[in-house]
Amino acid sequence: MKYAFFGTPEFAAIILEKLIKAGMPPALVVCNPDRPIGRKRIITPPPVKARIMNQESGIRDRIKIIQPEKLEIRNWELEIEKLGGIDFAIVAAYAKIIPKNIIDTLPAKFLGVHPSLLPKYRGATPIQSAILNGEKKTGVTLFLIDEKVDHGQILVNKESRIMNNESSESLHDRLAELGADLLIETLPKFVNGEIKPQTQNEAEATYTKKFETEDAFVDLEKDDPDVVMRKINALNPEPGVYTIRDGKRVKILAAELKDGKLKLTRIQEAGGMAKAV
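Residue numbers (full-length UniProt numbering): 1 to 277.
Once the Cα atoms are required to be at most 25 angstroms apart in a straight line, the calculated SDA-like pairs of lysine to any residue come out as:
1. K263 with T243
2. K222 with F211
3. K100 with N32
4. K209 with E159
5. K136 with P239
6. K96 with L78
7. K96 with I37
8. K100 with N201
9. K261 with D223
Estimated spans, in silico, between C-beta atoms of each pair:
10. K40 with M273: 18 to 24 angstroms
11. T213 with D246: 16 to 22 angstroms
12. T44 with E72: 21 to 27 angstroms
13. K248 with K222: 16 to 22 angstroms
14. A22 with T44: 23 to 29 angstroms
15. A205 with I73: 28 to 34 angstroms
16. I97 with I37: 20 to 26 angstroms
17. R245 with D87: 54 to 60 angstroms
Simulated from the structure, these hints should not be mistaken for laboratory data.
Only a predicted model underlies this, so the values are computations on that prediction, with no experimental measurement involved.
Don't be surprised by glycine CBs; every beta carbon is placed ideally from N, CA and C.
Use the sequences and the hints to build the structure in full.
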């Protein structure tokens, strides 16, 4: 199997590393460019590129990495031609829309990995949204990418329980691992034409949104404790749950919910260090 892998953040990096360990490395990786990070603005590779660079040379040197600011058909076709063609492409949290003319170069061969049970929770924040809404289960879906967001035909999905009081960080990593396992199990069947894609039920589709700072505000006097706890689990570390105390912003880093009562256990006051409460 010769394939391209589109992905940029840690979710994609976890999947990619597991594919490599399973003896299924991609021929080509497409990720975002290196960016300045932190107060010192140090130029840093995205997690996917970093994982490849940390591989042993025998593997690292066989994977071509490209980091276009903008995906263009002529550059894509040139890279594929250099490789002598590819069988399919995997897209896992690439963070950019892939143009239709590029998708059309591999008809029904662009596979998306999405951390929800599609058609529920289409869009950029399915993990946070599921926790915020108090869902008891979620999962990962492999689907055929088309020109619409998370809309294409479903190949296979796998359900996973959301643990009691689970954070978005924990669920993120578990679903990335699940997505990798599902790919490893499914790809041979997909390549051999053994999977029949199923059209998504549009009547069941729901959508997510990007969460802003104002979405992470909680009023500890008025808000339901269960809702506050779900926000803490869903929206930390980004955008970061906070409240206002004596006119100052206080970040709520951790809390406990017991017998319907919320107890803050770790906070960070404006300009201060994180501390236990």
